[in-house]
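Chemist: Given chain C, work out where chain B should sit, using these hints.
2 protein chains.
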Amino acid sequence: MTDHTPGAPPVIVLVRPQLGENIGKAARAMLNFGLTELRLVAPRDGWPNPTAGPAASGADIVLERAALFDHLADAVADCAHVHATTVRKRGVTKPVLTPEAAAHEIHGAPGRSAIVFGPERSGLETDDVALARTIVTVPINPEFGSLNLAQAVMVIAYEWSKGMDLASPPGTLLDPPAPQDEFEGMFAQLDTMLDGAGFFHPPERTSATRRTLRTMLTKPGWTSQELRTLRGVLSALDGKKRRRG
Amino acid sequence: MTDHTPGAPPVIVLVRPQLGENIGKAARAMLNFGLTELRLVAPRDGWPNPTAGPAASGADIVLERAALFDHLADAVADCAHVHATTVRKRGVTKPVLTPEAAAHEIHGAPGRSAIVFGPERSGLETDDVALARTIVTVPINPEFGSLNLAQAVMVIAYEWSKGMDLASPPGTLLDPPAPQDEFEGMFAQLDTMLDGAGFFHPPERTSATRRTLRTMLTKPGWTSQELRTLRGVLSALDGKKRRRG
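Just so you know, the protein sequences line up as chains C and B, in that order.
Per full-length UniProt numbering, numbering through the first sequence is continuous, rising by one, with the last residue being 245.
Per full-length UniProt numbering, numbering through the second sequence is continuous, rising by one, with the last residue being 245.
Take these hints with a grain of salt, some might be off.
Identical chains blur together in the list; that is why a pair holds if it fits in one copy or across any two.
Stated by the list, open to error - Listed next, the in silico EDC-like pairs over lysine to aspartate or glutamate satisfying Cα-Cα at most 20 angstroms (straight line):
hint	residue 1	residue 2
1	Lys162	Asp181
2	Lys219	Glu204
3	Lys94	Asp70
4	Lys162	Glu105
5	Lys219	Asp175
6	Lys219	Glu184
7	Lys94	Glu125
8	Lys219	Glu182
9	Lys219	Asp195
10	Lys162	Asp70
11	Lys162	Asp127
12	Lys162	Glu100
13	Lys219	Asp127
14	Lys219	Glu37
15	Lys162	Asp191
16	Lys162	Glu120
17	Lys94	Glu105
18	Lys94	Glu120
Keep in mind the hints are simulated off the structure, nothing from the lab.
Next up, chain C with everything else stripped away, as it sits in the complex:
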């Protein structure tokens, strides 16, 4: 049974990878971003490869489950959407997607997706690319293209993971700003102290100065706890003055 769940995690296919170490690194990159299904097409040094494990830094489950194939066509036989990664577009006549756009397609597409990567040095052959429906290219600095296999896998896996909500969305740990009256209480305390210190001179500038202060002090959106800390600061400064006064 083919998995027709929309947005099923994509399969990562490495075609004729050369070094076991790079297979391990690719597995690590995958698992960091929640991908687990690796398929290997005719790895140069056979499979399993003893140098893959150490490079995987613990992503053993990906290596253990890796499936071996002789031909790319077999490796992607159950995949509805095959994307071929290339660094340079050599006269291709297929749609070229960024990793971000490819991730969107994968999340929205029913059926399995595969992302295919070529050998370390040479990249995918034209015949391999021909199997794919789209090309995925990581846009890199045209004056310094030095993205290795595991890095390319990582960018793809990372983009895919962004649609998955792996971790809690950012900012949820933050406390909300305090209610306005707590801010006003702090501001009134500061205002009284500043008035006593002769800060609001000359009188015709008082309201503008107060506005400036209010603008900068409302900017942070301090929490109740932070406002309590700030009032502690003000009381300390005021208390010392009074004790000395």
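Modeler: Positioned in the frame of chain C, the structure of chain B alone reads:
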């Protein structure tokens, strides 16, 4: 003159990196995505480091231009926006951004941005994080967090590079946050006053209290003008105390 160009490329700051090889790999990751400015804070094995070059795979220009600092505060002194990368959020009370959101901020923000990375194993110390206005966390598989330093740098650089084709938003109406050293000047003034007022008691709580204060005061991202106003406030409060004292 501060660089007020919206979306200036961010500075990558590596704090106490351990292996020269990882510095080289970080440089390679940077240059792949068009970043060139690297700053090193107290690298464990000194600088230059002979193992960095081979690992950079040709990104020598980044290593040659890398600047060396003893302290993080100095390394980010000219940066208006300091983002600290952490893997785990340990009770932080700063905004937490994804790499994508951080990239958007950097593209939209006037003034220099810095992205700060900690040592390979331990990550940034709490005091390092305290210098930053936001936290940037790469959301990874919670059951397999194994993103190395160069990979983390790569994700950040990659996200930044994606925004380079976009027209930079105007962002000129708002003044940028002041450079970090202006903030530090204000903070030192307040610290001295609070110390004199006996605020930092008991002594064993002093550094935690200072961190709390620093966190809440870095939150607004005050402009140079606002920091001047705040220093005026502090001087007024201090001056009155002295006049009366």
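Chemist: Give a verdict on every hint.
Modeler: Here's how the hints hold up against the structure:
{"no.": "1", "hint": "Lys162 / Asp181", "result": "neither (30 angstroms within a copy, 35 angstroms between copies)"}
{"no.": "2", "hint": "Lys219 / Glu204", "result": "neither (25 angstroms within a copy, 31 angstroms between copies)"}
{"no.": "3", "hint": "Lys94 / Asp70", "result": "neither (25 angstroms within a copy, 51 angstroms between copies)"}
{"no.": "4", "hint": "Lys162 / Glu105", "result": "both (13 angstroms within a copy, 18 angstroms between copies)"}
{"no.": "5", "hint": "Lys219 / Asp175", "result": "both (15 angstroms within a copy, 13 angstroms between copies)"}
{"no.": "6", "hint": "Lys219 / Glu184", "result": "both (14 angstroms within a copy, 19 angstroms between copies)"}
{"no.": "7", "hint": "Lys94 / Glu125", "result": "within (15 angstroms within a copy, 48 angstroms between copies)"}
{"no.": "8", "hint": "Lys219 / Glu182", "result": "both (15 angstroms within a copy, 18 angstroms between copies)"}
{"no.": "9", "hint": "Lys219 / Asp195", "result": "neither (22 angstroms within a copy, 26 angstroms between copies)"}
{"no.": "10", "hint": "Lys162 / Asp70", "result": "neither (32 angstroms within a copy, 36 angstroms between copies)"}
{"no.": "11", "hint": "Lys162 / Asp127", "result": "neither (31 angstroms within a copy, 30 angstroms between copies)"}
{"no.": "12", "hint": "Lys162 / Glu100", "result": "both (9 angstroms within a copy, 9 angstroms between copies)"}
{"no.": "13", "hint": "Lys219 / Asp127", "result": "within (15 angstroms within a copy, 24 angstroms between copies)"}
{"no.": "14", "hint": "Lys219 / Glu37", "result": "neither (25 angstroms within a copy, 31 angstroms between copies)"}
{"no.": "15", "hint": "Lys162 / Asp191", "result": "neither (41 angstroms within a copy, 42 angstroms between copies)"}
{"no.": "16", "hint": "Lys162 / Glu120", "result": "neither (26 angstroms within a copy, 24 angstroms between copies)"}
{"no.": "17", "hint": "Lys94 / Glu105", "result": "within (15 angstroms within a copy, 34 angstroms between copies)"}
{"no.": "18", "hint": "Lys94 / Glu120", "result": "neither (22 angstroms within a copy, 41 angstroms between copies)"}
Checked against the numbered hints given earlier, the structure breaks hints 1, 2, 3, 9, 10, 11, 14, 15, 16 and 18 and satisfies all the rest.
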